[in-house]
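Could you build the full structure based on these sequences and the hints that come with them?
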Amino acid sequence: MELATLIRKKGILAPIVFLTSYKEYMEAVFQVLDRLKLYLDKVEDTFIFSINKNKFKLKMSDIVYFEKDKRQVIIHSLSEKYRVYISTNQLLGQLNNDFVQIHASFIINCSYIKELGSNFLLLHYAQESIELSISRRFKNKSHENIVMSMRGNL
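Residue numbering for the sequence shown follows my numbering, beginning at 1 and increasing consecutively.
Rather than coming from a laboratory, the hints here were simulated on the basis of the structure. Warning: the hint list may mix true and false statements.
Estimated spans, in silico, between C-beta atoms of each pair [to be verified]: (1) Arg136 with Lys57: 32 to 38 Å; (2) Arg136 with Leu3: 51 to 57 Å; (3) Glu24 with Gly93: 35 to 41 Å; (4) Lys141 with Ile51: 28 to 34 Å; (5) Met26 with Ser87: 16 to 22 Å; (6) Arg137 with Tyr85: 21 to 27 Å; (7) Asn140 with Ala4: 44 to 50 Å; (8) Ala28 with Gly93: 31 to 37 Å; (9) Ser111 with Asp69: 20 to 26 Å; (10) Lys114 with Arg8: 46 to 52 Å; (11) Leu122 with Tyr85: 27 to 33 Å.
Values in this document were obtained by computation on a predicted structure and should not be read as measured data. Note that the Cβ used here is the ideal one computed from N, Cα and C, for glycine as well.
Put into structure tokens, the structure is as follows:
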């Protein structure tokens with residue numbers, strides 16, 4: 001606990017995890033773990049990006065899919081579209097397990113899948129539907145990841 005206090009005094013805001021078997025520290029540890037869970041839920045639930053040095057934050061659940069257009073990525077959300085410069089690897093690094101790459105140009109949110117075919121899928125959102133191709137390169141892995149994501153949402 002003393003080390004954690006010193007770390008906080010230095011201004012370091014990284015999450016700290018405590019493990020103990022001492023009863024006298026258990027209450028403090030559970031309070032910290034509850035705060036850590038809230039912190040991690042907030043971090044994982046949002047996608048943060050920049051456009052012209054302005055920061056934007058979107059709920060992951062509001063993002064329908066990402067479309068690669070040369071060096072830019074078009075973020076298709078429920079309310080609007082955003083064009084950002086970000087690599088596919090950087091993008092995938094920020095996303096949770098609800099997102100699956102189905103094509104070199106498309107990463108989709110499995111929550112919006114209405115129909116899944118062998119080489120296409122249909123996304124439905126805001127009274128709109130869009131059909132996207134699943135490339136041969138991503139076909140097997142994407143089908144597997146989509147099924148796993150859908151099982152997790154049941």
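Consistency of the hints with the structure:
{"no.": "1", "hint": "Arg136 with Lys57: 32 to 38 Å", "in the structure": "holds, 35 Å"}
{"no.": "2", "hint": "Arg136 with Leu3: 51 to 57 Å", "in the structure": "holds, 53 Å"}
{"no.": "3", "hint": "Glu24 with Gly93: 35 to 41 Å", "in the structure": "holds, 40 Å"}
{"no.": "4", "hint": "Lys141 with Ile51: 28 to 34 Å", "in the structure": "holds, 31 Å"}
{"no.": "5", "hint": "Met26 with Ser87: 16 to 22 Å", "in the structure": "violated, 44 Å"}
{"no.": "6", "hint": "Arg137 with Tyr85: 21 to 27 Å", "in the structure": "holds, 24 Å"}
{"no.": "7", "hint": "Asn140 with Ala4: 44 to 50 Å", "in the structure": "holds, 46 Å"}
{"no.": "8", "hint": "Ala28 with Gly93: 31 to 37 Å", "in the structure": "holds, 33 Å"}
{"no.": "9", "hint": "Ser111 with Asp69: 20 to 26 Å", "in the structure": "holds, 23 Å"}
{"no.": "10", "hint": "Lys114 with Arg8: 46 to 52 Å", "in the structure": "holds, 47 Å"}
{"no.": "11", "hint": "Leu122 with Tyr85: 27 to 33 Å", "in the structure": "holds, 29 Å"}
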